[in-house]
Amino acid sequence: MAVKVIMPKQGLQMTEGTITGWLVEEGGSCTEGTPLFEMETDKLTITMDAPATGTLLKIIHGVDAVVPITHTIAIIGEPGEDIAALLAEAEAQNPAAASTASAAPAAPAAAPAAPAAQAAPAKEQEGKKFATPRAKMRAEEKSVNVMDVPASGPDNLVIERDVLAYEPAPAVKATPLAKKIAEIENVDLSEVKGTGSHGKIVKNDILSAVAARIAAAQTVKAKEDGAPAGRTKRVVPMTKMRKIIAERMVASLQTEAQLQHVVRCDMTNAAALREVYKKKNKKISYNDIVLYATSRALMDFPMMNASITDEGIEMHDYVNLGMAVAIDTGLVVPNIKDADMMRIDEIGVVAKELADKAKNNTLGLAEMSGGTFTVSNLGMFGLDQFTAIINPPESGILAVGAITKTPVVVNDQIVIRPMMSVTLSYDHRIVDGAPAAEFLRRVKEYIEEPTLML
Amino acid sequence: MSRKTYAMAIRDVLASEMKRDEKVYVMGEDVQKLGGIFGCTRGLADEFGDDRCFNTPISEQLMIGAGLGSACSGMRPVVELMYMDFTFVAMDQILNQVAKTRYVFGGKARIPLVIRGQQGIGRGNAATHSQSVESIFMHFPGIKVACPATGEDAAGLLRTAIRDDNPVMFFEHKGLYATKFEVPDDPDFCIPFGKARIAKAGTDVTIVANLLYVHRALEAAAILEKEGISAEVIDPRTLVPFDYDAVEESVKKTGRLVVVHEAHKTAGWGREVAAEISERCFRYLDAAPITLGTKACPLPFALNLEEAAVPSVADIVAAAKATLYK
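Line by line, the protein sequences give chains A and B.
Using numbering that gives the first Met the number 0, read the first sequence as starting at 0 and increasing by one per residue.
Using numbering that gives the first Met the number 0, read the second sequence as starting at 0 and increasing by one per residue.
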C-alpha cells in the first residue's frame with residue numbers, strides 16, 4: 000500500500016516549507032525512521048525521516064519547491080504499484096494545475112485534427128512528467144535522470160532533444176569541513192575549483208575563494224567605502240535564520256513595552272542541592288535549578304506566563320519553558336513542554352536533549368513553537384549581569400549571569416557567597432512593576448532555598 | 000540509360016523478356032491492337048505475334064484462372080488488368096488459387112505468373128476505378144507484391160517478377176505512366192525484391208511511402224529541408240517481401256516515423272509497418288509513428304474532391320513536424 004509523504008506541519012505558525020534536498024533518489028529504497036529529505040522553514044533547516052519503508056516511487060516536489068503544509072511531496076510504496084490515485088490527489092492540491100485545468104475549456108483548440116477525446120487525458124496528466132522511449136534511451140546514454148530534464152513536448156513530455164540539450168549540474172565534491180565553511184561564508188561550491196584528490200574541494204580552496212572575494216571587493220570598494228588603505232569591508236548575505244532573528248528582535252522591541260528588574264541570588268543552597276544529587280550519581284546543573292525554579296514561580300504568577308493576543312490576554316495553565324541555545328549559524332529557542340510538571344532531573348534530561356538537537360540542527364518545529372516563557376543563560380561567559388530581549392509572543396525572559404564569589408553582608412557580617420544575577424525582562428503592557436518584582440523575588444527565593452519548591 | 004516514360008519502361012521490359020524467353024506472353028483487355036489503354040503493351044502483338052499478346056474477354060476471373068493454369072504447365076504469363084480495382088472480381092482465383100496452389104501441391108507446382116495493372120488517383124475515375132488495393136494482397140501469404148515508383152524500378156522489378164517462379168502482383172500507378180525517368184538499357188537489369196530504396200537520405204524523420212507517394216514524400220522532404228528538418232524518404236518497392244530492416248535502421252537513426260500511402264489508412268499497409276517498427280525499435284522512438292492514408296470514404300469522382308480524400312504534401316509535412324513536436 001503506497002504511503003504519502005507530506006510536508007509536515009510542525010508548529011502553529013508554519014504554513015509552508017521549502018524542500019532543500021532529497022536524500023533518497025526517486026526509485027531508491029527508504030526505511031521508516033531514516034532520513035528521507037531536508038527542508039527549511041522560516042525558523043530552521045531540518046532533516047525529515049521516511050514515514051514508511053519501501054521504494055520512493057515518486058518525488059512530486061523537487062528541491063527548492065515551496066510546499067504548503069500537509070501537501071503530498073512524495074509517494075513511498077512497492078515497485079510497480081499503481082499510484083495514479085495518489086498522484087491525482089497530489090495534483091488536485093497543486094493550485095497551478097487546478098487553474099490550468101479550469102482555464103482549459105476557454106483555450107482555443109490547439110489543432111483541428113486533435114479529437115476531443117485526447118483533451119481529457121491530457122488534462123489528467125497535468126503536473127506529471129513523461130518521457131519518450133528515445134528520450135529515456137538518450138538519458139541512459141548520458142547517465143542523467145530523464146525526470147530531471149525540462150520537458151518541451153506536449154503534456155510535460157520529455158523528448159529526445161530535451162535530453163540532448165540538457166546539461167546536468169555537475170556534482171560538487173567537497174570535504175565536510177569545506178562545505179561547512181562554504182556555508183558560513185556563503186561561497187558557492189560550484190564556483191570553487193577543488194585542489195584535493197580528484198578535484199575534491201578542501202578547506203583551503205574555500206579560504207582562497209573567500210580571500211579572492213575580499214581582494215576583489217577591496218579593489219572595487221576601497222576608494223568609496225572609506226576603509227583604511229589595505230583594509231576592507233565585506234558584505235556577507237544574511238542567512239534565512241539571521242533575517243528571522245533580526246525581524247523578530249526588532250518586532251519584539253517595537254511591540255512590547257520592555258523593561259528590566261535585576262536580583263542577585265545566593266547560590267549556596269543550590270550548590271548543596273547539586274551535591275545531594277551528585278552523591279546519588281545524578282547530575283543536575285545550576286541551569287536546571289534555574290529552569291525548575293522558574294517553571295514553579297511561573298505557576299505562582301500566571302500573568303508572567305501569558306501572552307497578549309488580538310482577542311485578549313491568553314493565559315496558559317502550563318509552562319512551556321524556552322531555553323535560548325546558541326548554535327553555529329545563530330540562535331534557536333526550543334522549549335521544554337510541560338516543564339511545570341517535571342521533576343528537576345527530568346528537566347535536566349530534556350534540556351540537554353534539546354540543546355544537543357539544536358546543535359545538530361535536528362530540532363523539529365514543534366519543539367521550537369508554543370513557548371510561554373524563556374530563560375537565557377550566558378553565565379558560562381562570565382557575565383555578571385546582562386539583559387535579554389523577550390521572545391514574542393511571550394511576556395518575559397530571564398537573563399542568567401555567572402556565579403561569582405562575592406562579598407555580601409549576612410547578619411551584619413561580610414561573608415563570601417557564590418552570587419548569581421538574574422535579570423527579568425518583562426512586558427509592561429501585561430505585567431506592572433510590582434508584580435514583576437514579586438515574581439522575580441519568588442524565583443530568587445526558590446533558587447536560594449530550593450526546599451521551598453517542594 | 001534511356002529517358003522514357005514509366006509506361007514505356009514497362010513495355011520495353013515486356014518486349015525484352017518476350018524476346019529472351021518465348022514462354023513469356025501477355026494477355027489482357029485491349030492489349031493486342033490498342034496496346035492497352037495506357038500503351039504498356041503497344042506493338043508487342045506486331046513484334047511477337049497475336050499468340051503472344053492477345054485480347055481476352057472482359058472477365059478477370061477467366062484471365063487469371065487461365066494464367067494460373069498456363070503458369071502451372073510451364074509458361075510465364077503476364078496478365079494485364081485494365082484496373083487493379085478489378086482484382087476484386089477474381090479474388091477467389093488470386094487468393095484461393097494463385098496464392099495457394101504451390102503450397103497445397105507440396106511445392107511441386109511452380110507459378111511464374113505476373114498479374115500487373117494500374118491503380119490510383121489522378122484521372123477522376125471515381126469510386127471503383129481509383130482505389131489503391133495493394134494492402135489486401137500483403138495480408139494473404141503466397142503472393143509477392145511489387146509497387147514501382149519510378150521507371151527504373153518499374154523495369155527492374157518487372158523483370159524480376161517475370162523471372163520469378165512465384166506469383167507476383169505488380170501494382171503500377173496511373174498517375175506515373177506519363178512521367179519520364181532514366182531507365183537502364185541492360186536487358187538483364189533486375190532489382191531484387193525485398194530491398195528498399197532510400198529515395199532521399201536524412202537524419203530527423205523517416206518517411207516511408209510507395210508509388211505516387213514516394214514523389215509526394217520527396218516534395219514534402221524538400222519543404223521540410225527548408226525548415227531545417229532533414230527527412231529520410233524510403234520506398235520499400237515491394238510490400239511482400241518487405242524490407243523492414245531498412246526502415247528499422249533508418250528509424251533507429253531518426254527516432255521518428257511517418258508512413259504515407261494512397262491506400263486507405265484504415266488497415267492499410269502503413270499501419271502494418273508502423274506496428275512492426277514500433278515492436279522492433281520502441282526504445283528508439285521519440286514520438287508515436289504517424290500513418291497517413293486515404294480517408295475512410297470511397298474515392299470521389301470530382302478531381303478536387305479526390306485530392307481532398309488522399310493525403311496531401313502539406314499533410315506529410317505536418318505529420319513529420321508533429322513527430323518532432325514542431
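It is possible that some hints are incorrect.
Pairs of lysine-lysine, PhoX-like flavour, derived with a Cα cap of 20 Å [unchecked claim]: (1) A/Lys192 <-> A/Lys202; (2) A/Lys141 <-> B/Lys22; (3) B/Lys252 <-> A/Lys135; (4) B/Lys294 <-> B/Lys264; (5) A/Lys239 <-> A/Lys179; (6) A/Lys199 <-> A/Lys178; (7) A/Lys141 <-> B/Lys251; (8) B/Lys251 <-> A/Lys135; (9) A/Lys336 <-> A/Lys358.
Computed spacing ranges between beta-carbons, pair by pair [unchecked claim]: (10) B/Ala287 <-> A/Glu140: 31 to 41 Å; (11) B/Ala313 <-> A/Gly26: 38 to 48 Å; (12) A/Leu22 <-> B/Ile197: 22 to 32 Å.
The set of hints was computed from the structure by calculation and includes no laboratory data.
Glycine included, every Cβ here is placed at the ideal spot set by N, Cα and C.
Against the earlier hints, flag every one the structure doesn't satisfy and list their numbers going up. Going through the list in order, the structure violates hints 2, 10, 12 and respects the others.
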